[in-house]
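Using the sequences plus the hints, can you model the full thing?
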Amino acid sequence: SQKIEQNSEALNIQEGKTATLTCNYTNYSPAYLQWYRQDPGRGPVFLLLIRENEKEKRKERLKVTFDTTLKQSLFHITASQPADSATYLCALEDYGQNFVFGPGTRLSVLP
Amino acid sequence: EAGVTQFPSHSVIEKGQTVTLRCDPISGHDNLYWYRRVMGKEIKFLLHFVKESKQDESGMPNNRFLAERTGGTYSTLKVQPAELEDSGVYFCASSHFLTGVHTEAFFGQGTRLTVV
Numbered sequence: 499s500q501k502i503e504q505n506s507e508a509l510n511i512q513e514g515k516t517a518t519l520t521c522n523y524t525n526y527s528p529a530y531l532q533w534y535r536q537d538p539g540r541g542p543v544f545l546l547l548i549r550e551n552e553k554e555k556r557k558e559r560l561k562v563t564f565d566t567t568l569k570q571s572l573f574h575i576t577a578s579q580p581a582d583s584a585t586y587l588c589a590l591e592d593y594g595q596n597f598v599f600g601p602g603t604r605l606s607v608l609p
Numbered sequence: 241e242a243g244v245t246q247f248p249s250h251s252v253i254e255k256g257q258t259v260t261l262r263c264d265p266i267s268g269h270d271n272l273y274w275y276r277r278v279m280g281k282e283i284k285f286l287l288h289f290v291k292e293s294k295q296d297e298s299g300m301p302n303n304r305f306l307a308e309r310t311g312g313t314y315s316t317l318k319v320q321p322a323e324l325e326d327s328g329v330y331f332c333a334s335s336h337f338l339t340g341v342h343t344e345a346f347f348g349q350g351t352r353l354t355v356v
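These protein sequence lines are chains B and L, in that order. Per this note's numbering, the very first residue in the first sequence carries number 499; after that it's consecutive. Per this note's numbering, the very first residue in the second sequence carries number 241; after that it's consecutive.
Just to be clear, a hint being listed does not mean it is correct.
Said to hold, decoys possible - Coverage of chain B stretches by chain L, computed from C-beta distances (three or more under 8 Å per stretch; other residues unrestricted):
| id | segment |
| --- | --- |
| 1 | 510-524 |
| 2 | 597-609 |
Said to hold, decoys possible - Derived BS3-like pairs (lysine-lysine); straight-line CA-CA distance at most 27 Å:
| id | chain 1 | residue 1 | chain 2 | residue 2 |
| --- | --- | --- | --- | --- |
| 3 | L | K318 | L | K255 |
| 4 | B | K569 | L | K284 |
| 5 | L | K294 | L | K284 |
| 6 | B | K501 | L | K294 |
| 7 | L | K281 | L | K255 |
| 8 | B | K515 | B | K569 |
| 9 | B | K569 | L | K281 |
| 10 | L | K318 | B | K561 |
| 11 | B | K557 | B | K569 |
| 12 | L | K291 | L | K255 |
| 13 | B | K501 | L | K281 |
| 14 | L | K255 | B | K501 |
These aren't lab readings, by the way, just hints derived from the structure by calculation. In this text, a Cβ means the ideal position worked out from N, Cα and C, and glycines have one as well.
Here is the structure:
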C-alpha cells in the first residue's frame, strides 16, 4: 500500500544546531516533492520544492535532498532558532498536480 | 495581494445539519484544492478543481460532500447531513495552473468544523 512516513512525531534540538527531518515514501513515484511549515491554527506554508532530477535544493538556512532510489527526502535547517519551531510536512506529487501529505514532524528548537 | 481566505474560521453544528464552507483563492489561480485534517491524522486530499471543472474528486469521503466552483472563482464545500466523523479542519489551497510545471500551493487558514 502507499505510505508516507516522517521520521518522528516530535524532534527537540538545541538552538544553533542543525535539524534534520526525514520523509520516506513507498509505492509512489513522485515527479517532485515539497516541504511545508505549519504553525498552530494556521494553514501550511510552502518552503521548498525539489524535482526528481534534482539532488539538492537550498534556500537560505534550508536544504532539501531527494533520493528517488532510497525513496527519501531529507530536510535540513542549519543554525536553528526558536522561531523555527513548528510542524514540518512533506508532500509528494501523486499524479497530475495533486499532492499527498505526510503526517508531519513537530520540531522544537530549545533556547 | 490577498491570500487564500476561508470562512467561517470555526463552525459548530449538530449531527444531521448542513454546513457550507467557502474558499476564495488567490486571484488568477486556476487550481483550487480542498484538504481535510481529522484529529491526529495527516492532511488528506479531498478534491481538485481546475477553473470550474473537477479535475479529481477521488478523495471525497462520500456523497454527503458536495463541492462547487461556479465561474471558476470561489469554491464551496457543503456537508449534508453532517456526521460526527466529519469534524476536523478543512483547508483550501490554490496555485497557478501551468502545463508541465509544478508550482507552489498557497493555503488558507482553514475552517475548523465540529459536529456535535
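Here is what the structure says about each hint:
1. 510-524: With 0 residues closer than 8 Å to chain L, the segment 510-524 of chain B misses the three-residue bar; violated.
2. 597-609: It holds: at least three residues are needed, and the segment 597-609 of chain B offers 6 whose Cβ sits within less than 8 Å of chain L.
3. L/K318 / L/K255: 14 Å, holds
4. B/K569 / L/K284: 21 Å, holds
5. L/K294 / L/K284: 17 Å, holds
6. B/K501 / L/K294: 25 Å, holds
7. L/K281 / L/K255: 21 Å, holds
8. B/K515 / B/K569: Holds. B/K515 to B/K569 sits at ~26 Å (cutoff 27 Å).
9. B/K569 / L/K281: Cα-Cα ~22 Å, so holds.
10. L/K318 / B/K561: 40 Å, violated
11. B/K557 / B/K569: The hint holds at about 22 Å.
12. L/K291 / L/K255: Outside the cut-off at roughly 32 Å; violated.
13. B/K501 / L/K281: 13 Å, holds
14. L/K255 / B/K501: 32 Å, violated
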